[in-house]
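**Student:** Take the sequences, apply the hints, and build the full model.
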Amino acid sequence: MVIANEFDYRRPVTLAEATEILANHSGSVRILAGGTDLVAWLRDDAIAPDLVVDIKKVPGLHDLKLDGDTLRIGALVTFTDLIESDVVKEHAPLLAEMSETVASQGIRNRATMVGNICSAVPSCDAGPVLLAYDTTVHVTGPDGDRALDINDWFLGLRQTARTDDEVVTHLTIALRPHGGVYVKLMRYGGEDLAQAAVGIVAYADQEYRVAFGAVAPTPIRSARIEDALRGRPLDDALIAETVAMVRDEISPITDIRASAEYRTRMTEVMLKRGLVAATERLAGTGPAYGTRLI
Amino acid sequence: MTVEYPFEAEPEDAELKTVGTPVVRIDGLDKISGAAQFVDDIDFGPGLLHAAIVESPYAYAKIISIDTSKAEAAKGVVRVATGKDFPYKFGMYMEDRYIFAQDYVRFVGEQVAGVVARSHREAVQAAKLIEVEYEVLTPLLDPRGAVAEGADLIHPDLDNYTHVPWFFPKADTNIAHWRKIRKGDTEKAFAEADYVLEDTYFVPRYAHCAIEPHVTVSKFDYSDRLTVWTASQSPHTQRHLFAEALAPLGLTHKDVRVITPYVGGGFGGKAGVSMEIMGAALATLVKGRPVKLRWTREQEFYNTYQRQGVVAELKVGVMNDGEITAVEHKLYWDAGAYVEYGANVVNAAGLSATGPYRVPNITNDSLCIYTNLPPGGPYRGFGYSEFHFGLESHMDRIAMAIGMDAVEFRRKNAIVEGDELAYGASMNPSGMLEAIDKTAAAINWGVEEESDNPNTVIGKGMALFWKAPAMPPNSSSASFLKFNEDGSINITVSGMELGQGYLTVMAQIAGEVLSVPVGKIRVETPDTDRNPYEWQTVASHVTWSSGLAVEKAAIEARGKIFDVIHQVYGYEDDSLYLEDEAVKCRTDASFSKPLREFVIDGIQTEDGTWRGGPIVASGKFMPEFTNANSDPETGQGGHPNVHYTVGATGVVLEIDKETGRIWVRKAALAVDAGRAINPDLVNGQITGGLVQGLATVLYEDMRFDEGGKMLNPTFTDYKIPTAFDIPDEIIPIIVEVPQPDGPFGARGVGEHTMIGAAPVIANAVYNALGVRIKSMPITQEKVAMAIIEKSEECAE
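From first to last, the protein sequence lines are chains A and B. 1 is the number of the first residue of the first sequence in my numbering; add one for each residue after it. 1 is the number of the first residue of the second sequence in my numbering; add one for each residue after it.
Hint data in this document are derived by calculation from the structure and do not stem from the laboratory. There may be inaccurate statements among the hints.
Mimicking DSSO-like on lysine-lysine, the simulated pairs with C-alpha atoms at most 27 angstroms apart in a straight line are [said to hold, decoys possible]:
{"id": "1", "chain 1": "B", "residue 1": "LYS287", "chain 2": "B", "residue 2": "LYS128"}
{"id": "2", "chain 1": "B", "residue 1": "LYS315", "chain 2": "B", "residue 2": "LYS657"}
{"id": "3", "chain 1": "B", "residue 1": "LYS774", "chain 2": "B", "residue 2": "LYS412"}
{"id": "4", "chain 1": "B", "residue 1": "LYS75", "chain 2": "B", "residue 2": "LYS128"}
{"id": "5", "chain 1": "B", "residue 1": "LYS315", "chain 2": "B", "residue 2": "LYS330"}
{"id": "6", "chain 1": "B", "residue 1": "LYS330", "chain 2": "B", "residue 2": "LYS438"}
{"id": "7", "chain 1": "B", "residue 1": "LYS774", "chain 2": "A", "residue 2": "LYS272"}
{"id": "8", "chain 1": "B", "residue 1": "LYS790", "chain 2": "A", "residue 2": "LYS272"}
{"id": "9", "chain 1": "B", "residue 1": "LYS128", "chain 2": "A", "residue 2": "LYS272"}
Covered stretches of chain B (in silico footprint by chain A; criterion: 3 or more residues with CB under 8 angstroms from a CB of chain A, positions within the stretch not fixed) [what the hints assert, rightly or not]:
{"id": "10", "region": "120-130"}
{"id": "11", "region": "424-438"}
{"id": "12", "region": "502-510"}
{"id": "13", "region": "708-717"}
{"id": "14", "region": "771-783"}
Think of the CB as a built atom: it goes at the ideal place given N, C-alpha and C, for glycine as much as any other residue.
**Tutor:** Structure (structure tokens):
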């Protein structure tokens, strides 16, 4: 493999140094964490930054812990970290269920979940789940720290609310008892990008969060489906009612990975099976986390 | 007509000690310890130069100008070359390619120029500085469109191209070869048939996806000798093509040396010559320094051979009792921009497009059609996988239409020994019926199964397969064998160890004849300076052909051993035999002379003098009963194929009725190996071939945009199965009806194991859902959409 374009490389050892480098650089810059997207894009000449800032040596970005009811996930936490974490297993197994569908073992060992939402491709696996969890994204930059609602994070294809001189430091998720599910449409059993995905979190009193991946320019929430579900017992009629809304809520494309119609049909199937599984998991029953529903 | 087999194999009833046993492969330690070297592992020192290639962005264009000045001035650049430097044609069966494009480019990715630099990075950077001006032309991407009246001619000079005598190009068309079979009277047979089914099947292009990309290091030294280290299945054929193509530079065969260390998978993609010719040519411009050219994964997809796509128009007639009376099979092959190898795939398919059935009336037309897609070429299955998809789908549909069980229908029509083949010769011994019965039994054919999961249904399918090696009639193999002081043996051959276990099988054959355990035999990968000739490691023929050459060398060595014993001790040769690495005598039970005591140093006689000396031997094999001289209009009169290997595939699969997802729960495959010299390796071929075949039907296919550019030249979007995608259970079944001229009765099985996979899935999907899918691949999306379409039709 060869990266033909040349660029400068900096490896700050404090967060302050990192933000200073970013603030003082006038050209195009990219942040390197896991690098699993970045290096592939560099190799393909899809991007040509003149500076790459490697944040792997910045302390304090590896946190994966529970503070009271708040789960804190640092910017350098990898998908493998999430899968292997006892805290995640006990309090947010949905994150592990999602992480297990990301790429392959080798990639999961390097790729960070924060990097996944910073790359912000429509099929990013973390997107629907973090949306369904009402996650907060914490960034820092020359103007200080900002806490962003994940619902305001995805601005468009590969575009986020982070400015070029900001670094994401961590995510926080306010946890309360829930059942979750991540269902992902793939072309086979091996590593694949989602052709469509559904992330659902079910809370007590029939309150749901429903998000979709790979069926719009960004991962999206569906307030309409959530409203329809709120306060009503989940039965076949209600499932059918929400499944019928899917077609209007999403805007998938046809490409070599899948047709728009297939993505739509499968999103309907995934919502149907996902709602049942999330509701059952909330009740402590249902298929074990990690079980493929399609 | 029966074939006279001139070579007398070892007696069938001989008690075998090594052949037929699951000996541990002899290259195992090399590979698990990391000792095995591949081309890219070899250290060529700091003088190594690196090449990068400038590729055409257009599928069809005229080259107006090439400006290399900026690249020549770039840092680290040693030399830049274009088509002007090498105006030489080359090709395996038809000389239709150039080393670098001349006036036209004919596919996206075609090489226009090459840069040699001190580092790979500098070469890649400089390649971007080469400016090529093109006049863009409209590409021909559809084979049936390319043979339509008035289509542009991709190769206007086709009529002047040099080619093998069994190709029949049609001047002033895009048809590079048209293999015809005309046997009996199909028109009359269709008129008299009780049932005729006619339909069209579509098979896309596929990539080999070997784990090791193509790589070559070439050095042209100051004595004008060209040495090329390549990841190749065909060292001698490469040497021959390099010597021919570069003959204008004064090179002869003895000046060209091809060294092929271990190869990380071939599957046909590393047969013949593709990118290697560029490396060899560029090296001649930078005398004294080795040049490495290594393909990226993307280049591996779009500028090596691809498996050709085909549109198959098939018509089959049967009587009510199930007898097949006529087959008309018209195959339109999308052969790509250059067909120097791929035209022989077309030829092979045309000869055998009836499938493994006894058919009295045949019209086969197999058309090799130039298109502006990457060059087609050899791929495991060599055309047979492609036409079996439609053919075996068709057979299921016919059986159903006439109310006959699909297995019984196949059994009734299956070709057996002595039946007449499409080209008039007769079928070799075959265990087809045994293969059918054992496969059907393994999947409980005829017993319907119900799923416990309300979302899924279960389906079963069967498909037969056959294939013959597709080789020039005089393609041959040779071997050298020598003993060492301790009675161990070195064998040199030029077949390639591609992971299939070839070296181990050669050791087993020699070990059996010479009573030497495989652990004492070393068989090395080829170096054309040292190792004797082998045509290529393709066609599933090396166990058979190279195996015969090794068996002959071993027999010759044994004869020399017996001669020494006879000279010294007086025993008659025919009373001697080898056992446990010693010469023994049937007439003197007390006699035993260990090989290690004399195979180098000889035996001292009573007068103090010595007899014997180093035991060395050679063997060669050429199938002297074949010929390709058939009538171009009927295909009758020749004997182009040496023999066929046959078998059957069966699956049980489960399908999610809402998503179309398919799980292969059980797959059984029976293949007639003649004799499984190493049953573990045959089982390995069955497993590997089956999985590769399932990949082509369930996941893979190449996609191109309307400009002819490949859209998925990466594993992100070209999916090959992972450990999560293999069948839950694979049942390998080895049938052994000996091949009369095979080493210990063996015939090849390597390619065959993937041929039945595509139709067997199509048939099982139909069995499960009542949906017939006539185009590959049968992805879960295609299945899901077919289910939706069917249920919405029913609802209307």
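**Student:** Out of the numbered hints, which ones does the structure contradict?
**Tutor:** 2, 6, 7, 9, 11, 12
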